[in-house]
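*Asks:* The primary structure of each chain is shown beneath.
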Amino acid sequence: MASQETSQKKKVPFFASLQTKYAMSYLAIFVVVLILLNTYPVTASQELLFTSKRDSLKSQAAVMASALMELETLSSDQVVRVMNMLDDMGLDRILVTDPAGLILYDSLKDDWGGKTPPTETETEKPEYRYALYQEVVTALRGSDVFYSRYSDKVFTSTAACPIVYRGMVIGAIYIQELDQAQGALLLNLQKNLRNISLVVAAVTLVMSMVFSKMLTARIAALLRAIRIVGEGEYGHRLQIVGRDELAQLAEEFNQLTDRLQTTEEVRRRFVSDASHELKTPLASIRLLADSILQNEQMDEETVKDFVCDIGDEAERLTRITEHLLALTRLDSLPAGKTEPVDVAAVIRRAVNMVTPVADAAGVTIQEELRSGCMVRCTQDDLYQVCFNLIENAVKYNFAGGRVYVSAYWDGDQVLIEVADTGVGIPEEDLPKVFNRFYRVDKARSRAAGGTGLGLSIVRDTVRRHGGWVIARPRNPEGSIFTVGFPRCREEEGES
Amino acid sequence: MKKRRRLSLFLALLLLCASCGTKTEEADGGYLLYFTAVGSHGPALDTQPYDPGGAAPQSEGTASPDPGDLVNALLSGPTQEGLVSPFPRGVALQSWEWDPEQKGNLQVRLSEQYSGLADISLTLADYCIVLTLSQLEGVESVEILSAGHTTSYRSHQVLTAAEAVLSDRSAAAKEDVT
Chain A
1 MASQETSQKK KVPFFASLQT KYAMSYLAIF VVVLILLNTY PVTASQELLF
51 TSKRDSLKSQ AAVMASALME LETLSSDQVV RVMNMLDDMG LDRILVTDPA
101 GLILYDSLKD DWGGKTPPTE TETEKPEYRY ALYQEVVTAL RGSDVFYSRY
151 SDKVFTSTAA CPIVYRGMVI GAIYIQELDQ AQGALLLNLQ KNLRNISLVV
201 AAVTLVMSMV FSKMLTARIA ALLRAIRIVG EGEYGHRLQI VGRDELAQLA
251 EEFNQLTDRL QTTEEVRRRF VSDASHELKT PLASIRLLAD SILQNEQMDE
301 ETVKDFVCDI GDEAERLTRI TEHLLALTRL DSLPAGKTEP VDVAAVIRRA
351 VNMVTPVADA AGVTIQEELR SGCMVRCTQD DLYQVCFNLI ENAVKYNFAG
401 GRVYVSAYWD GDQVLIEVAD TGVGIPEEDL PKVFNRFYRV DKARSRAAGG
451 TGLGLSIVRD TVRRHGGWVI ARPRNPEGSI FTVGFPRCRE EEGES
Chain B
496 MKKRRRLSLF LALLLLCASC GTKTEEADGG YLLYFTAVGS HGPALDTQPY
546 DPGGAAPQSE GTASPDPGDL VNALLSGPTQ EGLVSPFPRG VALQSWEWDP
596 EQKGNLQVRL SEQYSGLADI SLTLADYCIV LTLSQLEGVE SVEILSAGHT
646 TSYRSHQVLT AAEAVLSDRS AAAKEDVT
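Sequence lines, in order, name chains A and B.
Under our numbering, read the first sequence as residues 1 to 495, first letter to last.
Under our numbering, read the second sequence as residues 496 to 673, first letter to last.
Among the clues, some could well be false.
[To be verified] Label pairs and their computed distance ranges (CB to CB):
1. A/R194 <-> B/E635: 47 to 57 angstroms
2. A/S151 <-> B/A657: 21 to 31 angstroms
3. B/S580 <-> A/S151: 24 to 34 angstroms
4. B/A657 <-> A/R149: 21 to 31 angstroms
5. A/V33 <-> B/R584: 27 to 37 angstroms
6. B/P595 <-> A/D152: 49 to 59 angstroms
7. B/P544 <-> A/R149: 49 to 59 angstroms
8. A/L37 <-> B/E635: 54 to 64 angstroms
9. A/R149 <-> B/A642: 43 to 53 angstroms
Hints are computed from structural coordinates only; laboratory data are not their basis.
The beta carbon of each residue, even a glycine, is placed where N, CA and C say it ideally should be.
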């Protein structure tokens, strides 16, 4: 229920969603393409038609002008006669004017279909009409002119040219063509393009939705997986599809979740182990205290023993909590101020500290410390590492056994080795000895007062200062722990 | 009864509006001056409104300009962009009079410079005058004389506004049909 509410809260608004954005971007691209598709071909066709019409009309006007220039001077009768002999070439209007613009021939009035026009009677009043169009005026001033426009589904084209005889303009010819067929063709082209565009737009819309859905479905799956893992279900994994960036992202997510799951398991185990470790001495204390309280006839000697045991258990509890605190500090706090530390001096201090315990256990500690073994660390951390290792070597040794402690440098590294002749560690347990609360022999460890955290503290401390630690079996018996630190040279230490 | 009264009121209002319209047109100086237009397509002549307060003063005591005012306004040239004067420099109006022999025919006498025009330039200048003057009441035709003589190479001397064809109507008619 809560997760449903969360997912509803986190629901992306439709227009802000990645899918919509992808779909919109596809659409925007296609809209631009469609606009181009609907404009460029039509404009280009129009230009082409204009050019073709200009050439055609100009040549028609030139043909007529050349026929008329044979007349030398233009009179209405002669012009009408000549023009009636010529083909109208599908033109809608032809005008022939004299140099003053007086219309001598108008195809709308004077076209007799090739027949001889009737002669004017003397009584009939002559009709004067002057073509005062820009085209005619321009032609009478000696220039060719062409004009064309496309509107209302019709191409209207006009052309005019002067009729020149011996360098003199003796008149002008004006022709006009109204082309509905080409107009209809252009209109059809426009219509077809529009229909195609509509189909393309519809297909694009569907495809952009499908593609964007395909793309964003994997992102949505990733988002879902993140939410599921966020809710604590660390076992959830994504199915990797393809080899693209999203597949890599899914792979990274799975690896991250693996690490998260491992960390979570380690944390749980640690909490469980810590609880168990704390519970054991507490249970002993409770049991001993109950025994004392419930048994009134208990003799004083036994009571003293029990109280002594309670003290031991309390001491163990203190040790465990101190170690846990040390580990927590190592996990969370940054390393203190480091300085060049002489490893030999620190080892000697740790050996001195452990010697009473070793003497009590009948274990001999031998040192072989080379001078000049300097590492960059804190005194306390290095002491803790050395002390833990030497103390372990003594604790898990036999009476009469030996512990060999050596320090030397090899190249850029300073190596500390602690070897013992003790019980040793089985081969299969060697990788686990640094895990928290891991014990090879639990009974012996507890008896020796171990917390199962000493080697964990050693590993975390060494790593914190850029070092490493390994454990290996010693021939013929016991174990060897080797710690490596980057060597700190004198001049480096001083700087 | 009520309906009738309303109808008569509506008609009266319509009449009033119509009369207002006529007055406004005259007040706006409804006369146009024709000049040569600049361009490559369309009519070769275009108009600009006649401004009585402009170059040519209106005759005293008359509500509308006399032919002399309009011709003088024409000769002083256009004030609008896209228009060009078709008249040669220095042309002046000498006089104008009604033809005593032909009713409605206005005779306009211009100075000698006008005879310098020929062919299409003469036609354009002639019809700028004819179309402008034909707006005046009573003017049916115009006869233009230069230095007291008619121009012999004109096709005819008595010019009417109907003779000037300013646009190709056939195209418009055909476009309408389509």
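*Asks:* Does each hint fit the structure? Answer for all of them.
*Replies:* Going down the list of hints, with the structure as the test:
1. A/R194 <-> B/E635: 47 to 57 angstroms: With a Cβ separation near 55 angstroms, A/R194 and B/E635 satisfy 47 to 57 angstroms, so the hint holds.
2. A/S151 <-> B/A657: 21 to 31 angstroms: Given about 29 angstroms between the Cβ atoms, the range holds.
3. B/S580 <-> A/S151: 24 to 34 angstroms: With a Cβ separation near 32 angstroms, B/S580 and A/S151 satisfy 24 to 34 angstroms, so the hint holds.
4. B/A657 <-> A/R149: 21 to 31 angstroms: Because 28 angstroms falls inside the window, the suggested range holds.
5. A/V33 <-> B/R584: 27 to 37 angstroms: violated (60 angstroms)
6. B/P595 <-> A/D152: 49 to 59 angstroms: holds (51 angstroms)
7. B/P544 <-> A/R149: 49 to 59 angstroms: Since the Cβ atoms of B/P544 and A/R149 sit about 28 angstroms apart, the hinted range of 49 to 59 angstroms is violated.
8. A/L37 <-> B/E635: 54 to 64 angstroms: Between A/L37 and B/E635, where Cβ atoms are some 60 angstroms apart, the hint holds.
9. A/R149 <-> B/A642: 43 to 53 angstroms: About 44 angstroms separates the Cβ atoms of A/R149 and B/A642, which means 43 to 53 angstroms holds.
When the structure is compared with the earlier hints, violations turn up for hints 5 and 7 and for no others.
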